[in-house]
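Residue numbers (the numbering used here), protein chains in the order written: chain L, 17 to 538; chain G, 46 to 440; chain A, 58 to 686; chain B, 128 to 226; chain V, 296 to 470.
Bear in mind the hints are in silico, worked out from the structure with no lab data behind them.
All the pointers check out, no bait thrown in.
Lysine to aspartate or glutamate pairs mimicking EDC-like chemistry, simulated, CA-CA at most 20 Å apart:
(1) L:Lys481 to A:Glu126
(2) A:Lys221 to A:Asp365
(3) A:Lys82 to L:Asp457
(4) V:Lys388 to B:Asp219
(5) V:Lys439 to B:Glu181
(6) L:Lys376 to A:Asp225
(7) L:Lys486 to A:Glu131
(8) L:Lys489 to A:Glu126
(9) A:Lys550 to A:Asp121
(10) A:Lys221 to L:Asp370
(11) G:Lys193 to G:Asp123
(12) A:Lys433 to A:Glu500
(13) L:Lys376 to A:Asp170
(14) L:Lys486 to A:Glu126
(15) A:Lys221 to L:Asp449
(16) G:Lys193 to G:Asp120
(17) L:Lys376 to L:Asp449
(18) A:Lys622 to L:Asp307
(19) A:Lys550 to A:Asp262
(20) A:Lys220 to L:Asp449
(21) A:Lys622 to A:Asp225
(22) A:Lys433 to A:Glu513
(23) A:Lys426 to A:Glu504
(24) L:Lys450 to A:Asp219
(25) L:Lys376 to A:Glu88
(26) L:Lys481 to L:Asp67
(27) V:Lys463 to B:Glu214
(28) V:Lys463 to B:Glu198
(29) A:Lys622 to A:Asp610
(30) L:Lys450 to L:Glu361
(31) L:Lys481 to A:Glu131
(32) L:Lys376 to L:Asp457
(33) A:Lys220 to L:Asp370
(34) L:Lys481 to A:Glu122
(35) A:Lys622 to A:Glu611
(36) A:Lys433 to A:Asp506
(37) L:Lys489 to A:Glu131
Everything numeric in this text was worked out from a predicted model, so none of it was measured.
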Amino acid sequence: MLLSTVIFLPLLGVIAIALLRGLGASAIKSIALAIGVLTFVISLGLYTGFDATTGTFQNVTQQAWIPGLGISYHIGIDGISLWLVLLTTFLTPICILAAWNSVEKGLSGFMMSLLALETGMLGVFCALDLFLFFVFWESMLIPMYFLIGIWGGERRIYATVKFVLYTMAGSALMLVGILALYFQNNNSFDLTTLSGPFSHSDLLFLGFFIAFAIKVPLFPFHTWLPDAHVEAPTVGSVILAGVLLKMGTYGIIRFCLPLFPEAAAQFTPLIVTLAVIGIIYGALVAMVQPDLKKLVAYSSVSHLGFVVLGLFSRNPAGIQGSVLQMINHGLSTGALFLLVGMIYERRHSRMIVDFGGLSKRMPIFAVIFMIVTLSSIGLPGLNGFVGEYMILLGSFVEGAFSKIHVIFATVGVILAAVYMLWMFQRVMFGTLDKTNAELPDLNAREIVVMLPILLFIVWIGVYPKPFLSKMEKSVEIVVTQVKTQSAIGHLEKRVPPNTQFALHGKQHEQHEKIEKEAETSK
Amino acid sequence: MENLPFSVLILSSIVKILFIAHLLIIGVMAMIWAERRVSGWMQDRLGPNRVGFQGILQPIADGIKFLFKEDLIPDHVDKPLYVLAPAMVLIPALVTIAVVPFGSSITVLGHEISLQVADINIGILYILAITSLGVYGVVLGAWASNNKYSLLGGLRSSAQMISYELTLGLAIIGVLMLTSSLHLRAIAEAQGAYPWHWNFLIHFPAFLAFTTAMFAETNRLPFDLAEAEQELVAGYHTEYSSMKFAMFFMAEYMHMIVGSAVTVTLFLGGWHFFGLENIGGPVWSGVISFGIFFVKTAIFLFVFIWVRWTLPRFRYDQLMNFGWKFLLPVTLTSIVVTGTLWIITGSRLVVGIGNAVAGFIVVSIVAGLLVMDAPKPAMQDSDNRLTPTALDAIE
Amino acid sequence: MSLELIVVLLIAPLVGFLINGLFGKWLKGNEKLSGWIGSVAVLISLICSIIAFASLQGGGTPFDETLYEWITGESFAFNIGFRVDALTTVMLLVITGVGFLIHVYSIGYMHGDAGYTRYFAYLNLFVFAMLILVLGNNYLMMFVGWEGVGLCSYLLIGFWYDKKSATDAGKKAFIVNRIGDFGFLLGMFTLFAAFGTLDFVAIFDAAEADNFQKVFGTSTLVIATLLLFVGAIGKSAQIPLYVWLPDAMEGPTPVSALIHAATMVTAGVYMIARSAVLYNIAHTGEVVAWIGVLTAFFAATIALAQNDIKRILAYSTVSQLGYMFLGVGVGAYASGVFHLVTHAFFKGLMFLTAGSVMHAMANELDMRKMGGLKAKMPITHWTFLVGALAIAGFPFLSGFWSKDEILHSAWGSSPLIYIIGLITAFLTAFYMFRLIFVTFYGESRVEPDVASHLHESPPVMWVPLAILAIPSALIGLLLGWGGHDSWFHHFTKSVFPEAHHEASGNVVLFMVISSIVGLAGIAFAWMRYSKRVPSTEPTNALYKLIANKYYIDEIYNALIVQPIKNGSHYLLWRIVDNGVIDGIVNGVASVIQIIGGTLRRLQTGIVQAYIVSMVLGIVLFLAYYLFFG
Amino acid sequence: MELQYYLILSALLFTTGVIGVLVRRNAIIIFMCIELMLNAANLAFVAISRSLGEATGQVFVFFVMAVAAAEVAIGLAIIVSVFKHRETINVDEVNSLKG
Amino acid sequence: MNAEQILFILFGAVSLIGAVAVISFRHPIYSALSLVVTFFAQAGLFLLLGAHFVAAVQVIVYAGAIMVLFLFVIMLLNLGTLSVKGAIGGKLKGFAIILGILLAIEGIYIATNVLNNTAIASAQPATAAPNTTTYDIGELLFSKYLLPFEVTSLILLAALIGVIVLVKRSSNDSI
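Start from the sequences and build out the full structure, keeping to the hints where you can.
Structure below.
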């Protein structure tokens, strides 16, 4: 019930705004903000009520929806979706506050889109029914379409269409996959009852994976992202980078890995190679971008490459790191977009060459920008490091793929410093241009927008345990699902044992036990 | 009643049809006379009083004149429709009466014969269906005349009739709910002998709405915009003369009579009056009940004439406003209130009071809203339109 | 020693940072206060360090405790934990001691700068990060500090951010360091893969017991140590990643003294000394030693032809760091660390005196425009002379002891290394005294308007100089008397394993040789520069090559930086991204458009045509099902 | 009366409607023909309802009528609009959707 | 041949003739009137089938409302003055008629041959079934088909709003 409240409260806000939009701009904004904050506060109840000792779904609600087709309203969260839900509810009020003065036309529509988007995103993270998942997945496209298409920049139509078409292409494949699963699962869309092995699992895996890879976006499906980001309004970018991209990685961890472990194992080399290419490629291309938003967009490609890498390491450290990195990326890239938006509002330009020496004029901005930049680079003590470190460690130590991949991925860490610092230098340092000499520093509202994000950036960096401990058991379940299946696969394929190096005590036993079971079951 | 032998059935039906049809024709003539006389009385003048006693034969004289006048068909008209139109007006008016029970029943030669031509179980729907056809004659006649005034009159008339038909239909829903029948005889019988049981008290707002809509359906003052002399010469029948015109004319009066009869049946207790209809045994009770019915109808017809000389003609927008903004809400409210209260209390008294109160409230609200909605200035040219859309379309 | 002590030690600079950083706005009007807050914070750390040091005296057991769990999971646990042993306390004393003096010095040096509080905030943050680096009881903690000091270095080099060269230098420092960190990270991963932990003690114990996963077969530890060394190369500015350090002189001079001479750059040495066990087992010390000695020589040659005081000192630092690596590489860990300590003092001293000169000369750094400063700035001159003598290996001054120990150990490892080291020692003495003679002696070449302001620095600056001069001169004698049997060796004995190569030969003989070489260098410099003006330098090709630092920066730029930049821009972005991928996407779109364009001719716009086809369809379907289905 | 006669009648009426839709050009008449088709369907509904002895078919007739009413209202409004803009309701001439 | 059959033939013939007239008359007014005739004949057929309520509603809705609307529009647009030449035709005329005939054949085939094998045909004693009353329809409408009923009301509402919007707009940008 709590979960449903969280999911649908924003929708209530949409209705409220629709009904009360005659009250004027400030009323609309206040309602939206109130709803956003309220949703976040309620969603904190999910955190406090979350039982970290088990990794199963909690706060589950299941109600028949279209029983004739085996569709139910089935929602719940585990340690993985918990964080994404919280990230969503956390970022939305921030976005509302950030958009306080920047929307000139159609304010009520903007706020309604934003809130509707929140419902869609929350639904995606909570849905335990494939059909419901798909409904939310698609429904969230619509408000995003509006956000970019109406309140976007000059080439917004091109960007929107590209964004929607890319996503739709992916979702079409996913829909096929969902239907195939439906028929293999006794005509039920219920995720919790799904259990493999499925026939044609490799095709199904690809169907799901491509949909998610487009959303992530994984190289070479990423070209919609820079366009969408550049044309989207600030808030749109924040949501896009902060939450929407996570839906791809979330989909991988929720569907691709546990449902098709064998196929996942089979495709791991390819996918990981793409991820690593994405990491380096994104970083290199980000380096030479003249546009701040594009730069951040390409940096997202790079960062999300890390996440995918961690996911396909298929071990607890890597996956936990990936989940944490999803949150981190949401925070730091979201913050970057907010900051870019803030100077855009002042200067109406996002071109790096138009800036320089801003730190003299805007010291508070500079400090915040610095911290966020460093978080994005992955400086220890800030959040980015913890996630990246765990991903790389997990992939390296007992990853399911060669160490060469990890070595190249680590090069991405160097490149991150290159492009971020270069950008920072060009924007913040140097001589102050005349045109920028009068830019005001951040006002109280903007500082309030940024402070919570900074808090979490530091918190996760210094003391990530609360975050890790809640997701630990759920990640373990995913890993077990992956391992169980692929262990059997390994057994059949007689893979030489040295590919499974570095299994530590307990896990090693577990592994053996699984193999034994597999043998006896034969 | 049901088990009449076939021959008796046929025979009695023929008799009834002849009786009622003639009664109707005679009634029309009587009405024509009465109207002119009453008009005269109301306007403090004499009216026709030369032909026969007090001019009572005046309608016959008029009829003869119409019959013998040349049957003129203008060149520019669409001939088939031009000829057909008067009939299409007259026939619906004529056949409506078939389902109206004009008395209880009469026992002749041991056979109990109900005083009703056709006793069908969806009588009220029949009436609505036939009533809705009346507009065809008007519209087609207007169009066939190929005359601007006629066409405008026809359009006005059709718009008006469609609008008020809605009210007409909705107003009786309450009655139907309480009676649980579409059967006219059942409705009449359900009301019982005493006026305080009659539907017009229980459904007072609906009754008023129904009556008003009935006025509109007959195209009579104050709803005679389709033939408003000052604006449209004579409206849809401008091009008609002689017997064809007479048919239009008769149809209007028949509408009045039938409408009154239906009103009496639905709302005014039909042939009931303090149990008078039951005295006098099987034969006479039938006659008396018919008499009661006849008198009630006549009184109601007098109201028609009375209203005609009391109220001025509506402006077109007023007409539409009145229909859509007053009558419709009132009837809809009446339905809701009736249904709700009937289900909850099952008491006719409560339903009656509730209806009255609700009707009053609705009227007040709507009136308030209309007053607030900036009263229109005195009639201007732009107000003299069919409907805003219609005229735009024609331009 | 208790956890509380360590926490206070660690937190004090952080508190200083927070006060200066967050409330800097309100401290602006009162810059002295801000400076003293920073200094006191470090002083507290210094006091704590001394307490910690004292408690280790007389065979106290090393302190090793966990503060809290940081990144933990089922199969891994990384904690915030501290280890304080002899090596740590030595580092602590150097960091907090030199750090404190430099803080005090900065109060005067930075006087009137717009970013005064920011400066102290950064400096305190640096001390905090450096303390984490040396206090950590595992590699991850070390890495945290490692990155932290890198950040502070970046911030402080680019402290005057409106100067493009400064921010460029800061960026370069950070990125080059990152390349090193890349190695460090991978080294850490390898270690974790092998040992399942990153705790020093656990790793060393397991390594000694040969009880670990052979991730890369028998060469596991070799790979791990070499990767770690890559980190050290980056941080400690060795070949080929030394290029950032000379540029780093763009920062304020005290920063150069603290970070780029005394502490941060020695982190690599500390790391190898800390991992001595691993290097011993893996036998990778030789690589370290060779890189070290080559760097030492290479940097020294560059220093010969520079005219910028701070750059000379920078290359000298690189060179001396090479010595330290040479030391730890040949297994003389204690000697390497000892050189680290002495170098911290005398090089810190020299940088500060250079700062003093700059202060007086209105930020002039080119020594060709100086000369004869001795008269105007006696204290500066004398203290600098002490430092220069120390580095030149003048007998019984501190550099003499530490350098000699290293060279002595090198002989045991490889005579070739020894010889190169010896040549480097000669070069060191030569370029240092070239600096002294050109700057402080001879006739003044100072420009007149600067000359009128020429003055000795205020006490807040020269007092630290004087204080620093004392240990620079004497610390070698105090701690290093007795060569390999000195107090320092005994104190750090518990930390380091036995070296492979026993130093052989007569210690005294080596000392004599070193002294002679050092004195020869001084003499040679005196001959060449006591009279001559440096503008009449030779202009042959070799000199040009050296003066231009072997064109290394240019080569890097041409071979690495530009290709990456242009490749990213033109190949990756313009061609691959916009051309190929978007081309495919748009191509698919246009194909569909063409198909649609063809098909749309079917759309006649006439409703009935559509309906006819619809009805035709119905008829055919029905026919099929009724008659053929 | 046998069911099939009603159905045949219904089929014939429907076909008449179809032909009308196909051959007439006046949008209003096309509309009328659609009404005709709907009515043919209604006839089939009622006939089958009668034959099965239950009222469901008539309920559907009710729905069909409601939809037809809605459709006519909208359709005629569109026709009026079209006429105002293009001075014709000849479907051959209203071909803005031509590809 | 009993009365019912006679009436069936009568009403059927009228409705068919009316239908053909709809598509044959060149002038829309006559088409509309023919359609009204067809509707009446159908109402008669409904009565024959014992569906009194539907018959009445058929007249009220189709004849009384829908066709009046048609007439209204025809007059409003005053299509009489428009050319009625070529009102029937186009290139597809012949083809369309052939198609129609094929469709009719198929329909008749279904009615005569196919339905014999279905449940409808097996429930043959058609005339034996009692007349369905208004009550029955109401009962079904408000229980089993409540949701469709409500949806229908929504459709009507939507149509209402749609018409208002259409008309409102065109009255604003009057040409």
